[in-house]
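**Student:** Chain A is already provided as a structure; the job is to place chain B on it using the hints.
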Amino acid sequence: NAGVTQTPKFRILKIGQSMTLQCTQDMNHNYMYWYRQDPGMGLKLIYYSVGAGITDKGEVPNGYNVSRSTTEDFPLRLELAAPSQTSVYFCASRASGNTIYFGEGSWLTVV
Amino acid sequence: KNQVEQSPQSLIILEGKNCTLQCNYTVSPFSNLRWYKQDTGRGPVSLTIMTFSENTKSNGRYTATLDADTKQSSLHITASQLSDSASYICVVSAMDSSYKLIFGSGTRLLVRP
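Line order of the protein sequences matches chains A and B. Residue numbering for the first sequence follows this note's numbering, beginning at 174 and increasing consecutively. Residue numbering for the second sequence follows this note's numbering, beginning at 137 and increasing consecutively.
Among the hints, erroneous ones may be present.
Unchecked claim - Keeping only pairs whose Cα atoms sit at most 30 Å apart, straight-line, the calculated BS3-like set for lysine-lysine is: (1) K153/B / K207/B; (2) K137/B / K207/B; (3) K230/A / K236/B; (4) K207/B / K236/B; (5) K207/B / K230/A; (6) K230/A / K187/A; (7) K217/A / K187/A; (8) K217/A / K236/B; (9) K153/B / K193/B; (10) K236/B / K193/B; (11) K207/B / K182/A; (12) K137/B / K193/B; (13) K217/A / K182/A; (14) K230/A / K137/B; (15) K207/B / K217/A; (16) K230/A / K217/A; (17) K207/B / K193/B; (18) K230/A / K182/A; (19) K217/A / K193/B; (20) K182/A / K137/B; (21) K153/B / K236/B.
Hint data in this document are derived by calculation from the structure and do not stem from the laboratory. Just so it is clear, the structure is predicted and the values come from calculations on it, not from any experiment.
With the rest of the complex left out, here is chain A:
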């Protein structure tokens, strides 16, 4: 049982490039989330999903896209990367209960 797994751990992107942050969980959780954490700030919700085939915007969705074709996977796509997207990204999941499990984070720098 690996929990929530994110890849890559670190990535440097050039302005205008695109990339996908991968997230997979092996706990059969319906709910999955993507957050970003800027230095000294609280986590902010980018997108979330309540089940396969269902996604919705969070607080800061601009510049990102997601898909949820399976229960396990919830990739986050960055199109046309901008310096403002330099941040640490966390994927998380939960079952119907309240405990949320976070991945280890993905450090993204856009230069």
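**Tutor:** Just chain B now, kept in the frame of chain A:
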């Protein structure tokens, strides 16, 4: 506006000492409050979850309290250890949309030998 504010921003204590971290929130209607520990370079890990009717909850040397009337919570760490050095994040969710968690910016704790 739903907000969660934590104090202090940072704290340094000696190993073996106790400390208390504070969390004030304006989230309404309130659903639950969570405390997370985030080690440097890692994802947050859940410490406690409290609903409206719970005043206190413990997890080993960590004890969280909740006063829903004053909208305040505290996290008390007893007999601190070097491994307690981390950021502690208060997270509140609203009744109307439990997926929306409002995160505080955290208290960075450093335990020195």
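**Student:** Return the numbers of the hints above that this structure violates; sort them in rising order.
**Tutor:** 11, 20, 21
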